[in-house]
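Student: Working from the sequences, and respecting the hints, build out all of it.
To convert, note that position 250 of the sequence shown is 254 in the numbering used here; the numbers rise steadily by one, no gaps.
Hints in this document: simulated from the structure, not taken from any laboratory.
Be aware that a few hints might be false.
[Claimed, not checked] Here are the computed lysine-lysine pairs in the DSS-like style, where the Cα-Cα straight-line distance is at most 25 Å:
no.	residue 1	residue 2
1	K61	K28
2	K427	K308
3	K347	K10
4	K238	K266
5	K347	K427
6	K139	K113
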Amino acid sequence: MSLEIKVPEVGESITEVTIASWLKQDGDYVEQDEIIAELESDKATFELPAEAAGVLKIKAGEGDTLEVGSVICEIDTSAKSNGQPAAKEEKAEPTPVEETPSASAAPTKTGEIKEMIVPTVGESITEVTISSWLKEDGDYVELDEIIAEVESDKATFELPAEASGVLSIVAQEGDTIEIGATICKIEVMEGGSPAPSPSAAPESTAPGSSTGSATSSSSEKTYATGHPSPAAAKILDEKGIPSSQVNGSGVDGRITKEDALKASPQAQPAPVTAEKESPAPQAASYPGGISRGERREKMSNLRKTISRRLVAVKNETAMLTTFNEVNMKPIMDIRKKYKEQFKEKHGVGLGFMSFFTKACCQALQEWPAVNAGIDGDETVFFDYCDISIAVSSPRGLVVPVIRNAEVLSFQGIESEVVRLAKKARDGKLSIEEMTGGTFTITNGGIFGSMLSTPIINAPQSAILGMHNIVERPVVENGEVVVRPIMYVALSYDHRIIDGRESVSFLYRVKELLEDPARLMLGV
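Tutor: See below:
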C-alpha cells in the first residue's frame, strides 16, 4: 500500500514551502516519525517526519516550491511485510557501498551523446547567462536532476539534466549564450548511479565502524553540514559571504535562511582583503585613516539588460515629461478613517497604490492613446489595463504586472501589489508575471524623491511617476493653507501621444485623486 505524504499546514498565512533538503534518499527504508526532509517557509525552517514505516519515493526535488497540501512524497508501507526493519536496511547499505568499484554496480555506456541546448524561456528573451553550475565537469548526473542556474534579463531559472550520464560542460559560469546554443553534453549511461556512492561511502563507513559513536558522528558531520539551503545560498550570494564562513543551525549543521540573514558581510571580508591586497598600509599614510581603495563588480545580466533598454528608449522614442501636483489630503483622510477596518476585513493594508492604480485605469480608458504601444508601422490600442508596478528587488529593478487592473477592487489591487512585491524580493517572479503590461506606475517617493522624469518602460508609451508627500502652502478659496502635496510626472512617447492627451490624462488623474468619490462613482 502506498501512503501519500502531503505538505502540512505550518501557519495561518503560509501558503507554500520550499524543500530545503532531503535527509533520506529515494528508495530508502524509513521508520515512522523519522525525519526525512527539511522544509522552509518564508518565516521558518521545520522538519518533515515520516507518517509511516516503509520505502520512500520522492515526488519533489530539493529547491522545489510546493503549495500547502501538495504531495511531497510517498511511502510504500507494504515494505514492512518483508521483515526488514530500518536497522537491517542500514546494516545492509555498507556492503554495496564497498562493492562500488565492481563492474556489476557500475553503469554502462550507451554510446549516445545528449547535447543540451538553452531552452526558450520567454517570447522576448534571446540570450541567457550561466549563473552557476551545480555540478562539475565529469560528474555523473541523473535524469531531471538540477545541474545549473541560468539567468535571463527578467528571471533566474533552473536547468534540469535531460538524461542520466556523465556531464561535459560547454559554457562556463558567467558566459552569455543565445537561446538554442549548446550549454553542455551528457554521455548517456544506463544502469547504476555512481554519483551518490562516493559521497555516501565515507558517511556510511564512519558511523558503521562503531555502534556507540554512530549517532554522534552522523549528527556532527553529514552531507548537510555547512551546506546552505537554496534560499540561504541566494542570500549569502547577494551578501557576498562564502558559506564556509557561516555556522549552520539547521539539521546536521545545515545553513538555514535565518543563518544567512544573520550573517554579517563586514565580519569576514575584512581580514581577507588585508591579506591579499595592501590598501591598509596605504590608507594609514593618509591623515584620519582615509581610504583610496577601489572595488570592481561584474554587471549582472539583469543590470546590463536594463542599461541597454534604457539607452534604447532614450534613443528610439520621442520622450517628453509633463508634471502636475496632487493634494493628497482627501486620500489621507480616507486612509486614516478606514485603514484599520480595511485591514481587519481584507487582511491587507490600504495603501496609496490602489488609489493611483484605479485613477490611472479610469483615465487610460478615457484617453486610449496613453494605453497604447507601437508595433512596427501600427499603433496597438488595448481595451484592458495591465498595470506594471516598478519594484526594487535584491537583483535590481523589476516590473511585475497587475492583470486587468480596471476590474479589480481596492482590496484586489492591494493584494496583488503585496503578492508581486514579495515574489520580487524573494526572486520568485516568473517571466509571465513580468511581461505584457500596457502602462507603468513607479513610486520614487518611498526613497525620498521630490521630482523626477521616469523613463518609459518599452514597448509601452507612458509611465507615471509618484513622489514624496510634503506639506506645502497652497491657496484655497483665496486663503493660504497648508496641504500634503505630491508632485506627479507623466513621461510619454510623443510619437503617438500628443500634448493635449498627455496633459489631459495627468489632469484627470489629479481630479480623481483629489476627489476619491469620483473613483467610486466613475465620474
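Student: Is it true that the CA of K427 sits at most 25 Å from the CA of K308?
Tutor: Given that 25 Å is the threshold and the Cα spacing comes to 22 Å, the pair holds.
Student: Given the hinted pair K61 and K28, is their alpha-carbon gap at most 25 Å?
Tutor: Holds - the C-alpha atoms of K28 and K61 are around 10 Å apart, at most 25 Å.
Student: Is K347 within 25 Å of K10, Cα to Cα?
Tutor: 31 Å, violated
Student: Starting from K347, check that the Cα of K427 is at most 25 Å away, please.
Tutor: Roughly 21 Å between the alpha carbons, so the hint for K347 and K427 holds.
Student: Straight-line Cα separation of K139 and K113 no greater than 25 Å?
Tutor: Roughly 20 Å between the alpha carbons, so the hint for K139 and K113 holds.
Student: Please work out if K238 and K266 have their alpha carbons no farther apart than 25 Å.
Tutor: It holds: about 14 Å lies between the C-alpha atoms, which stays within 25 Å.
Consistency note: the structure conflicts with earlier hint 3 alone.
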